[in-house]
Amino acid sequence: MTAKFTSDNHPFVTPDVVNALPSKPADFRSSYGSMPPQYGELRIPAGRGPHPVAVVLHGGCWLSIYTDLRNANALADALRDEGIATWNVEYRCVDQEGGGWPGTFHDAGNATDHLRTLSADHNLDLDRVITIGHSAGGHLALWTAARQRLPEESPLWTADPLPLRGTVVLGGPGDLNRFIPHADTECRQGVVTELLGCAGVSSKELEKRIAGRFRCGSPIEMLPLGLPQVMISTEHDWVVPLELGEAYAAAAHAAGDPVEHVIIPNAGHHEFMVPGSATWPTVRQAVRSLLET
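Quick note on numbering: my numbering labels position 60 of the sequence shown as 60, and the sequence is numbered without any gaps.
Just so you know, the hints here were simulated from the structure itself, not pulled from any lab data.
Glycine included, C-beta positions come from ideal geometry on N, C-alpha and C.
It is possible that some hints are incorrect.
As the list claims (entries may be wrong) - Across the chosen pairs, the derived CB separations fall in these ranges:
#1 Lys204 / Pro50: 49 to 57 Å
#2 Ile180 / Ala120: 40 to 48 Å
#3 Asn266 / Pro163: 32 to 40 Å
Could you build the full structure based on these sequences and the hints that come with them?
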């Protein structure tokens with residue numbers, strides 16, 4: 001890893017390094033709801049289009065205290081330079097009003113569906129849309145691809161989700177249940193339970209309620225998704241260990257889904273977000289492979 005991408009006291013890229021990466025400003029900002037976090041930034045590539053679109057969902061443990069969409073600016077900008085329109089999405093986190101269950105999930109889905117509104121003025125190709133997300137945003141990217149599987153009685157159900165070409169998951173958890181011990185250590189104790197709206201309930205009620213929430217909110221419980229998925233893990237990811245990506249990919253494959261699991265050596269949890277790093281060609285190729293099929 002090139003030295004400029006790392007901090008002085010950490011062998012791998014840190015969130016602060018990613019947040020400080022240079023990027024060109026977005027072309028447009030648009031709200032998809034009335035709450036302050038319900039907006040996104042649209043970047044349009046050169047040319048007349050119609051432009052394929054990557055919906056970008058930042059990470060941060062579903063907690064606003066860690067980061068916001070700035071963390072994905074450099075990635076969104078670099079994909080624009082590749083000829084791909086990017087819709088970098090902010091969303092309500094579990095520590096914000098209306099976040100958690102079901103708000104965070106609704107925001108990921110509604111922001112994606114907002115492309116229908118944006119397409120009229122910006123010549124977006126709605127037949128070539130993918131989601132891409134990092135860490136907690138990887139979970140939301142995968143869930144957004146999975147939401148077509150929701151039963152109508154689910155509080156997360158929506159009538160007409162925008163069809164996707166596929167999803168790219170950068171060190172994101174596809175199995176929330178297996179991710180809990182890692183989230184408790186690396187994010188905040190109980191954050192997955194908060195995301196699922198199960199914080200503060202009795203242990204007896206928790207067991208019953210959380211099982212139903214997993215079925216609607218944890219992508220592994222929603223398989224098969226019926227679309228291509230690229231799971232990218234790194235060798236030294238201490239937040240979402242590569243074994244979690246490996247297990248999810250195996251389950252998706254067993255369910256009949258087209259899924260690829262790529263492991264990048266000599267990288268940690270945040271290198272995915274650094275255009276120009278050794279991980280970038282893998283990320284770029286994953287996006288292109290889904291949009292060009």
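Right, here's what the structure says about each hint:
no. : hint                        : in the structure
1   : Lys204 / Pro50: 49 to 57 Å  : holds (53 Å)
2   : Ile180 / Ala120: 40 to 48 Å : holds (42 Å)
3   : Asn266 / Pro163: 32 to 40 Å : holds (37 Å)
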